[in-house]
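Spelled out from the first residue to the last, the chains are:
Protein chains: 2
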Amino acid sequence: MIARNKSGVLKDIATVFAEHNANIVMIHLEACEGQCDETYEELYVEFEGEIIEDHLITSLQNLPGVSEVIIHRSFGDIYGKRVIIIGGGAQVAQVALGAVNEADRHNIRGERISVDTIPLVGEKTLTQAVDAVARLPRASMLVLAGSLMGGDVSKAVDRVKASGIPVIALNMAGTVVDHADLVVTDPIQAGVFAVMHVSSIAVFDLYRVQGRKF
Amino acid sequence: MIARNKSGVLKDIATVFAEHNANIVMIHLEACEGQCDETYEELYVEFEGEIIEDHLITSLQNLPGVSEVIIHRSFGDIYGKRVIIIGGGAQVAQVALGAVNEADRHNIRGERISVDTIPLVGEKTLTQAVDAVARLPRASMLVLAGSLMGGDVSKAVDRVKASGIPVIALNMAGTVVDHADLVVTDPIQAGVFAVMHVSSIAVFDLYRVQGRKF
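Note that the protein sequences, when read in sequence, are chains V and F.
In this text, residue positions in the first sequence follow the working numbering: the first is 22, and each later residue adds one.
In this text, residue positions in the second sequence follow the working numbering: the first is 22, and each later residue adds one.
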C-alpha cells in the first residue's frame, strides 16, 4: 500500500483487516524514494485467513490515509526459508559457499531457500545477533562459523534452540560446540548440512545425528 | 510481545502505539514454538517517535490480548544494512565471498552490514525476486550474479533502481548489463564494491563510477 505516514493510519488499516477476518502476520513500513509524495510511505502487509480479496482491497482503498493498494506474492513464496550464518568473515564466507551451492540444487527444483549472513566480532555483539535470530522472519537454521565462541553466546544458542531453530557450529574453541545440535569441521559441509536439513526435498534430518561431530 | 493469536488484537496494539504517538515501522508475527501456549504468538514490533517507554509498555501490558512485553534492540541496530545477491549458485557464492570478507572489515570497526543471498534460475523467478528487493526491509544494494539475464529481469532492475536501491551486475550475456548502475567482471570485486558503497566508513561511491565496466 501507499499510505500516509501518520501514527493513526496503521490502526485504521489493522481495523479493516480485522473486519475481514484476515490475520496480519507481517507489516513493514518504509519511506518512499522517488516514487511518491513525501507525506506517503510504502506499507507492506502479509496476511492469512479466508478472505474475499476484492472486498478487502476495496475497503483498504476507501481509507482516507491509503492512496494505492497492490497485490504481491509473499516474501515466504519468493525468498523461502532462511539459513542464517553468523561469525568470522573468512569462515562465514566458506559456510556460505557450501550453503549457496546446496541451495542452488534445491531451488532449481522449485524450492526457495535463502542464505543470509553477517560477519561479526565480540561476545556481546555475537550474543545479540544470535538471540535476534529467534525473532527473524522465516529463519529456519543458524550456523555459527568461527574459531572461538562461548560464554553468553552459548546461552543465546540455547535460547535459539528453545525457539525451535536448530544450530550447527563449526568445530571450534569455546563452549558453543557443547550447546549446538551438530558440530562440523569442514565449513563447506556445515553449509551443505544446514541447507539439506531445511529443505523439504532432501532426506537429511539434523535431529537424527544430533550431538555428533563430523 | 507474547500476544493472543486473534485478528482484533493487532488493532488494539496499533491503537496503543497511536495513542502514545509512536509510529510502527515493522511488525512480525510468528507462532511460538515451545515457549508459550498454543493460543499465543510472538509479535515483534519496531517503532519510532518520542515516547515515554514505561508508559507505552504499561499500556501494552494492560491489553487483554497481551501476556508479556520485552524490549529488544532493532534489527537495524543488530543486522544493519543488507547487500542482496541473486543469481546462479556458483556466482552468487563467489560474490558472497567478496562481500562477506569486505563486510567483516567494516563490521569489525563497529558498522553492521549483512550479506543476504538466494540462488535462483529462470526469468520469471528472477524477476519476482528482483522486484521484491524494493520491498525488503533494510535492503541497500542488489548484486545480480549470473551468466545470462535480460527481458523482464532488466525491467525489474529499473524498478529496483527507481526505488532508490543501486544495482551491480556481473559482466554477462543479456540486457541486464545495460540497466545496472555498474558492471563488474570479477565476482569477488563485485561483492567488495557492493559493501564499500553501502558502508558509511568507506570512501567509495558507486554513483561516481555509474555506467562503467570493470
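None of these hints come from the bench; they were simulated from the model.
Please note that the accuracy of each hint is not assured.
Same chains, same names: a pair is fine if it fits in one copy or spans any two.
Unchecked claim - Using 20 Å as the maximum straight-line C-alpha spacing, the simulated SDA-like pairs for lysine to any residue come out as follows:
#1 K176 x I92
#2 K182 x E62
#3 K102 x Y65
#4 K234 x E132
#5 K145 x E69
#6 K102 x G232
#7 K145 x V198
#8 K145 x R180
#9 K145 x D98
#10 K176 x I222
#11 K182 x Y61
#12 K182 x I23
#13 K102 x S221
Evaluation of the provided hints:
For the homomeric pair K176 and I92, the shortest alpha-carbon distance between copies (18 Å) is at most 20 Å, but the shortest distance inside one copy (41 Å) is not. Taking CA atoms no more than 20 Å apart as the test, K182 paired with E62 passes between copies only; the shortest distance there is 17 Å, against 36 Å inside one copy. In the homo-oligomer, the alpha carbons of K102 and Y65 lie at most 20 Å apart both inside one protomer (19 Å) and across protomers (18 Å), since each shortest distance falls under that limit. In the homo-oligomer, the alpha carbons of K234 and E132 never lie at most 20 Å apart, since the shortest distance is 28 Å inside one protomer and 34 Å across protomers.
In this assembly of identical chains, K145 and E69 lie within 20 Å of each other by CA distance neither inside one copy nor across copies; the values are 37 Å within and 24 Å between. Taking the shortest Cα distances, K102 and G232 never come within 20 Å of each other, neither inside one copy (24 Å) nor across copies (34 Å). In the homo-oligomer, the alpha carbons of K145 and V198 lie at most 20 Å apart inside one protomer (18 Å), although the nearest pairing across protomers, at 42 Å, exceeds that limit. Taking CA atoms no more than 20 Å apart as the test, K145 paired with R180 passes inside one copy only; the shortest distance there is 15 Å, against 39 Å between copies.
Within a single copy, K145 and D98 get their C-alpha atoms only as close as 34 Å, which misses the 20 Å cut-off; across copies the closest is 13 Å, which meets it. With identical chains, the CA atoms of K176 and I222 are never at most 20 Å apart, being 32 Å at best within one copy and 32 Å at best between copies. When the C-alpha separation of K182 and Y61 is checked against a cutoff of 20 Å, the pair qualifies only between copies, where the shortest distance is 19 Å, while the shortest distance within a copy is 40 Å. Taking identical chains as interchangeable, the C-alpha atoms of K182 and I23 lie at most 20 Å apart only when they sit on different chains, with a minimum of 18 Å there against 38 Å within one chain.
For the identical chains of this complex, K102 and S221 are intra-copy neighbours only, at 10 Å inside a copy versus 30 Å across copies, given an alpha-carbon limit of 20 Å.
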